[in-house]
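Enquirer: Residue numbers (the numbering used here), protein chains in the order written: chain A, 1 to 424; chain B, 1001 to 1325.
What the hints contain is simulated information worked out from the structure, not anything from laboratory work. These numbers come from a predicted model, not from an experiment. Keep in mind that the hints are not guaranteed to be accurate.
Claimed, not checked - Have a look at the derived ranges for each label pair, beta carbon to beta carbon:
1. B:Ser1126 with A:Tyr391: 17 to 23 Å
2. A:Leu211 with B:Glu1195: 53 to 59 Å
3. A:Arg9 with B:Asp1176: 32 to 38 Å
Don't be surprised by glycine CBs; every beta carbon is placed ideally from N, CA and C.
For reference, the chains in residue letters:
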Amino acid sequence: MIRVWLIARREYLERIRTRGFIITTVMIPLIMAGFIFGSIFLSSKASFVTEIAIVSSDTQLALDLKSELQQGQGGSLTQPSLDPRKPTIIVDAMAVAPDTKAILDQEVDSDDLDGYLWITPAATPGARPTFTFTPRSSTGETSIKDTLAAALSTVLLREQLAHRGIVAADANTMLQPVEIVAAKGSTHEDRESAEVSVGVLFFLMYLVIMLYGMNVARSVIEEKTSRIFEVMLATVRPEAMMAGKILGVGSVGLSQVGIWLAVALLLSGRSLVLHLGGDDIHLALTAPQIIFFFVYFILGYLFYSSIAAAFGAMTNSEHELQQLNMFLVMPLIFCFLTLGTVLLTPDSTLSRVLALIPPFTPLLMYLRVSLGHPAPWEIALSILLTSASIYGIVWVTSRIYRIGVLMYGKRPNLPEILRWLKYS
Amino acid sequence: MPIVQLNHVRKVYDTKVAVEDLSFTIEPGTMFGLLGPNGSGKTSTIRMMIGITVPDSGSVSLFDKPFVRKMLARVGYLPEERGLYKKMKVLDQLVFLGQLHGLTASEANQRSRFWCEKLEITEAISKKTEDLSKGMQQKIQFIATLLHDPELIIMDEPFSGLDPINANLLMDALADLRREGKAVLFSTHRMDQVEKLCDNIALIHRGHLILSGSMTEIKSSYPRNRVHIHFEGDDSFLQDPSIESLKRYSGYAEIKLRPSPTLADDAQSLLAHAIRVARISRFEVTEPTLEDIFIEKVREALPIANGGELSMAQLDQPKESDLDD
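Looking at chain B on its own, in the form it has when it is part of the complex (with noise of 0.2 Å):
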């Protein structure tokens, strides 16, 4: 029974498209990542999902039976911009958004205790959410989108402004909710923690799909054919006849071989080639990162080819509110 199921979904605002025929599915007991680059359409996807907005043609689907809003009792919502009364008591807050979902006061505020003390925040409870740093606010809202043990979780950008160690203490709280079964969407433009976290994505761009399906399916399904180097010593060897382009680094280089099908052999030989020359201390023979494919498929799409190089900074557009126009 799928969480989430989105079918060609579509949105417009005014003459701006957010979303142009989406479909992707969420099973339980996984963890979804919704990537693109900012203003690419995650938020209104979101928006969609959770009955904010409604699509203009498509249809939206939870728990296996269209959207209405009641099925928003078994949904926790974390969005992108996060919002506290700042005047409120902790606790207070937290009953009141736990009530809200349908909890009743004492169970809202048993489970708060709870949340506080696993994410190590209880000296913050009586304190007032404006006197608190913003990590801490973070964690809070953070709680506040399990009080009520949603069945699906939805993240947008949750880890956006944490210090490692609180990322890492959000992560492992999200990896133990999908133990339990629960499926949890997060976005994010971040493709490192994607690829740490995520069993399946679905990479939008401009409000299209342009890639989806299982992380470990799309990694295969690209060749090995990035090495990554570090390296002492002369440098020669990056002339290799094998390496289509690099990326150099003090002490560091991430090759992209040239095309062959005897790549493994290639990487062999640069390997032979390297250690002649420089003291090698590591080499990694891999398949591109989410973020080349990323950068790649976006490229393809694009009508016009573009000369220069293409990063995440180019394909982020300036963020504007998805309703101006």
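Only chain A is shown next, with the shape it has when bound in the complex (with noise of 0.2 Å):
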């Protein structure tokens, strides 16, 4: 079909000389760069530290209790943790006397202080002690409890086990932590970037199917206002006008992604994200996992572009269109929504049962080929169902079509929309 061909190209080329193109060319990554850097800066740069003071008369228990918590085996509290969770502790022993707690009250005030843990000793000997923290309001305090908590046990513990008569070194190794070792394949950090990678793309998939799908739904109505539908019909076939519009508009997306994707390996390349985001991250894709996102971003964009050049035909304006928007935006908005599941149980049966139901398969497929272990038929049966249900829509939209551009003045109702199908 040479004309199909001329009309992508059309499109295509109007397309991609506009300086819309070029700016989110250049911004959309530049913003996800911003976002995804600016939180990795900010939770490395932002652990906080924070300053407590202990209170008891038992000076043995305050000590240990400091030490636990300086260089505890739970977490490395002497250096800055990268975990904002596990904040940095300096800690300050000290006894009791009569005006103590009025000092700690007021440097808790003026902020001096981020709170203090009052040891009352236990009114019967071989009881616990009760532990009172006041913290300030504005600290995190829950974390700080919980590590308060954690190292208190380990600490009452340890007195246990000394009064009992095994040594510090003993009861040190037998409060050792268990620490599991991933068995083979990928490591902790190598599965982060895979899922941080995977995650960006994800993104994007979203946002260009988003993105493309709207502007093939706003191109129809613009030519529909222009009323050059008329011109064109003379000659060419609706459905001959809609694959045109829909393989341009969709090649301008490719395009974008296609630059997009060039950049990003040639950067990591040369290791310049490594040297911006720390090793934490870089990008980690591997070939299959790059072919299979345009794969599935190519199903996902005809999937809904196709709906999108339906309700373009059906609408008169944009503030028409709006109110269709709705059922594009929410299968995606969906599939965002159970991103968390997917990304830590790819191969749950719910992921299973999601990924194979076209409108998601697209997004989550692609999640669970990149992160999962689905089985080549399943992967064979999503992309079929994608497939036909593509080509299903594509039948009815290309009918709606074929009357809905010639239909000027009011939004069609549905049994109206019915009936168009039937004409031929």
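Dock chain one against chain two, each of which comes alone in its own frame, and use the hints as you go.
Expert: In structure tokens:
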């Protein structure tokens, strides 16, 4: 079909020459990079220092707790942690004096101290002392409380063990936390990078499908308002017009994603990303991940843009289109909501079922292919199901299109649209 | 060999009959006027002729054969609603549309330049379409219709919105094409344009054909019972018993004479009467205008007698899409 090609080429050239294309091509990666590196930067620099005081008449207990908090096995509290949930804790152990509480309260109020732990000795020997923590209101109190509780139980446990005649060294060995080493394949860190990289691509796919699906709808409306359809339909079949438009606009999207990926691969080759993000993040994509990205991107785009084309044909203005957009956006948003589940358990039954439902397949199956282990038949079935539904949608859409593009004036209601489907 | 042949064509949209039992033919080298008020079925008829819609019954033949889409390469169509890509440069646009009609890029380029020169808009070639005036855009559209040298040219309201100079330019271009042996169909509700240009006409009203044939035949089948008179001074001659009805303007009157076997003599005696009382600068005896004929025909076709004056304005129906119920 030479005409489909002519229409697609016009659509492609007209779009790729616009300033908008250049701007989105440059801006979207910048914004995304900003988000990613920004959050990495924040989490690495913002691990905050917490200063607390421990007040106890039992000096030994206070000192033990202090050393446990500062160099305990639970976490590397002596050096700034990358995990913002584990604050660095500076501890002062002090004995009880009559005015201690008043002084500490004042220090907490004046923000010099993030909180203090008051240890009241047990009334009867052998029972546990009571612990009261008074935090400054704005501190991340729960995390500090958790840290304190963990340190306290270790300290108390060690004390009990010592009471029963176990040597400190043995006690330490017994209290050593268990470490599980991943048996084979990807280490924890590689997996994390892969998740981030795939997540970025997932977001890209979502964004570009939305963006270009809407573009198709908008450009149908534009041609409707400018009445160019009448001219075109005198030479071209509406189906050819629709095909040309979807292909042309889609090629622009593909070019854009292609540019982004090429640049990203170039940059990661030069390890520029490494310098920017520390060694936590690097572009960890394998060739199949990229190939499947394009496969599912194309499927998703065809799926959503053909629906968008029908919406464009049914409406007369962008305003009317916005009311229908909900139906386009909802399944995509749904994919976003399930992102967490599928990311963490890509091979669970829920993930497997969701990934086979055509509106969700492009995004979710792509995640599974990248991070999980779908069976080859699952991949084949997902592609087959989505292709079949695209075929169905295009069939319905081209019918709506044929009538709709010549219809101006009021928006058709559902019975009217169903009637359109019967027209030959 | 007729270029267009419509046989008992009928088209119904849902409950609205757009075209009913319509037949006519268009010969090469003629200009054909498809006339009727807004909403009468002109655009629906044209859309069926070029396969945008398909008739429910009846048949459409182009170039002496049943319609197939391949024939569209020999048809040029200017729709009523003008449409161009606003952001595209004029030349790119014309070349694109030419290519869609099967021209090569260089052919399309060459012909676009030729036509732009002919219609005196060469300065527009390098501009964006949205920067042009409405009249200029209309000329571009006109060129796009003719680029591929079609044998059948269909124009829906081609002169609407054009100033007289540009309208004449386009009319001359159409007249040239007719001389080259092309068949030209244009639809309009401006009857005066048709009288000047068309060889044959078809009048439709609410989807029904109410009059068709060659312009001269139609005109000569009506008696010369209209008098146009320009005068100064006393207008008492307008009370003359030979006058059935009249429209008065300042210094000018359009008179319809009472039916009589001696119409020519009645006109002469009316002139004699007028000269006695007023100064006459122009006196013309003629057939009814196409508009008069149209109004007369519609009135005959209407089932209920219309008491008041029936005008084109009243015949106009609210403009709606043909597809609306």
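Enquirer: For each hint, tell me whether it holds in the structure or not.
Expert: Hints, verified against the model:
1. For Ser1126 of chain B and Tyr391 of chain A, the Cβ-Cβ distance of about 43 Å falls outside the hinted range of 17 to 23 Å, so the restraint is violated.
2. The hinted window of 53 to 59 Å between Leu211 of chain A and Glu1195 of chain B holds, with their beta carbons roughly 55 Å apart.
3. One distance hint, 32 to 38 Å for the beta-carbon pair Arg9 of chain A and Asp1176 of chain B, holds here, with the actual separation near 34 Å.
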